[in-house]
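In order, the protein sequence lines correspond to chains V and G. The numbering of the first sequence is this note's numbering, which starts it at 235 and goes up by one. The numbering of the second sequence is this note's numbering, which starts it at 8 and goes up by one.
Bear in mind the hints are in silico, worked out from the structure with no lab data behind them. Keep in mind that a hint or two might mislead.
[What the hints assert, rightly or not] Mimicking SDA-like on lysine to any residue, the simulated pairs with C-alpha atoms at most 25 Å apart in a straight line are:
1) Lys-526(V) with Lys-191(G)
2) Lys-451(V) with Thr-37(G)
3) Lys-371(V) with Gly-267(V)
4) Lys-48(G) with Asn-340(V)
5) Lys-187(G) with Thr-302(V)
6) Lys-381(V) with Val-423(V)
7) Lys-351(V) with Lys-371(V)
8) Lys-426(V) with Ala-71(G)
9) Lys-260(V) with Asp-272(V)
10) Lys-196(G) with Arg-110(G)
11) Lys-191(G) with Glu-328(V)
12) Lys-89(G) with Arg-170(G)
13) Lys-187(G) with Lys-371(V)
14) Lys-397(V) with Leu-76(G)
15) Lys-444(V) with Glu-97(G)
As the structure is a prediction and not an experimental result, all values here were calculated from the model.
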Amino acid sequence: MAKKSFYHFLGCIIPHRYPSIESAAKLVFKDLGVGLLDMEGASCCPAPGVFGSFDRVTWATIAARNLTIAEAGGHPITTGCNGCFASLWDANHEMKHDDELRDAVNENLAEIDREFKGSIEVWHYVDALYSQIGLEKIREHITRPLKGVRMALHPGCHWMRPKQIKKKDDSERPHIFRDICETSGAEYVPYKDELICCGAGGAVRTADVKLALEFTKQKFDSLLEAGGADIIVTPCPFCELQLDMGQVEIQKHFEAEYHFDVLHVMELLALSFGHEPEEFGLATHLQYMQRKNQPNWERLGIEAKT
Amino acid sequence: MYFSMNSTTSLLSVLILTSTEEKSAIIIDTPDDSFVQMIKKTGGPNIQNCYQCGTCSGSCPAGARTNYLVRGIIRKALLGLKEQCISSPELWYCTTCYTCTDRCPQDVMPTDVIKAIRNVAVAEGYMLVPHQKTALKVLEAGHAVPLDSENWQNLREKVGLERVPPNASRYPEAIEEIRKIAKKTGFDKLIEEKEEKEE
Ligand code: SF4
Ligand code: SF4
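So that you can see chain V by itself, here it is in the shape it has in the complex:
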């Protein structure tokens, strides 16, 4: 059987601000025997809350251009960003169901000699791991179970919402992201505001960072009320930026100081697959660069070579 491969859609935040996620994803997919193919010349997805709010047809056309890169090679796309997933998945879905939009998009794409065909699927990493690779296969690779690490989750919004359209998970009682994270051996810690938005989306972070941080702060306080956690895991780099860098920004805007290590699910898996944090650069998260400190290795139960 030919090796399963995905086109790897990087987006903006992963490759340009949190490259440790890109690096970790490459390690994890390689371990799982799944190919990641470069999507040469892929652009911004473009950001769904931003471009989708400005001009739907332009948003769909730029997203469709990205989709055509994968269509040409005939492999599905996978991405590790809730926002990129939202743009690519939604645009793909909407153009498959709305002929008027599809025609408008293709008229625009004709300008650059491209055509949206609707021949491929888009998967979030979470989705690819759960339904295309399977929990059993992931468990086979856990060589360093993160025993005793208390793990809070931030699933974020756009990979499972809107639920009626995406049909991925029950967004009110989701279990898929948790199931994947629990394979790492870390202990799941529930908190009341687990499912609220990080605050960054919908062009809000761009417009009013303080307002966006209020959402984040609410989540942190809710987590502390529940007894706190050693790490927060998310499937999205924009949420990761908001929760990670957000701690530095919250300190500036509010009189509050938090110290949470925030990991992308791929970083969590890379660690529990036995990779060392410096193999993918866990310590390069912007929080640590700004605060000139390091992940709390002791809480993570990992001895880092620094």
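Here the structure of chain V is known, so what remains is to put chain G with the ligands in place on it, guided by the hints.
Same frame as chain V, now just chain G with the ligands:
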């Protein structure tokens, strides 16, 4: 009195928020349907399903901390109060978390309605400067968050990756294609116009 108040402060705030002495009431004789039609065409097809139950606002994390009221905006839109909707700064407080969409009993898809109203707002020249700058970045670099400094390339190298990823940051022809798309859809003009207005 139809209701009792616990404190004078809250009574006062109710008065300020509702008093026609502060702000004259909007006269709604015959609702103007054209705005609703515009919204339906731009991605909010179910807006007319709304029966004003308030589930959306009750679920809304943006509404919990600001004066953003998604139910209110939908009602205003249904009454044809276009200018009220598109000029309100709160329109941009929605993080598009889709909680309201997942809970609305009438399948209104409020998030998409808000995005559609934002589309109309932008088409009529209401665009915040930071948003316009983000849009410009995509036309300039192919990415809303570009690889715009040596530091970011160093960061990539540090984690064991090639300095420039194989996306539009590496391929100028990709950026050229994005520009052509923006020119074709008129999106480049939307951003330019705003620039002139700001000056
Ligand atoms: S939840 Fe739906 S029906 Fe209820 S007010 Fe909001 S949009 Fe209208
Ligand atoms: S999508 Fe927007 S309006 Fe709906 S609940 Fe989230 S922030 Fe509120």
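Which earlier hints turn out false for this structure, listed by number in ascending order?
-> 1, 2, 7, 10, 12 and 13
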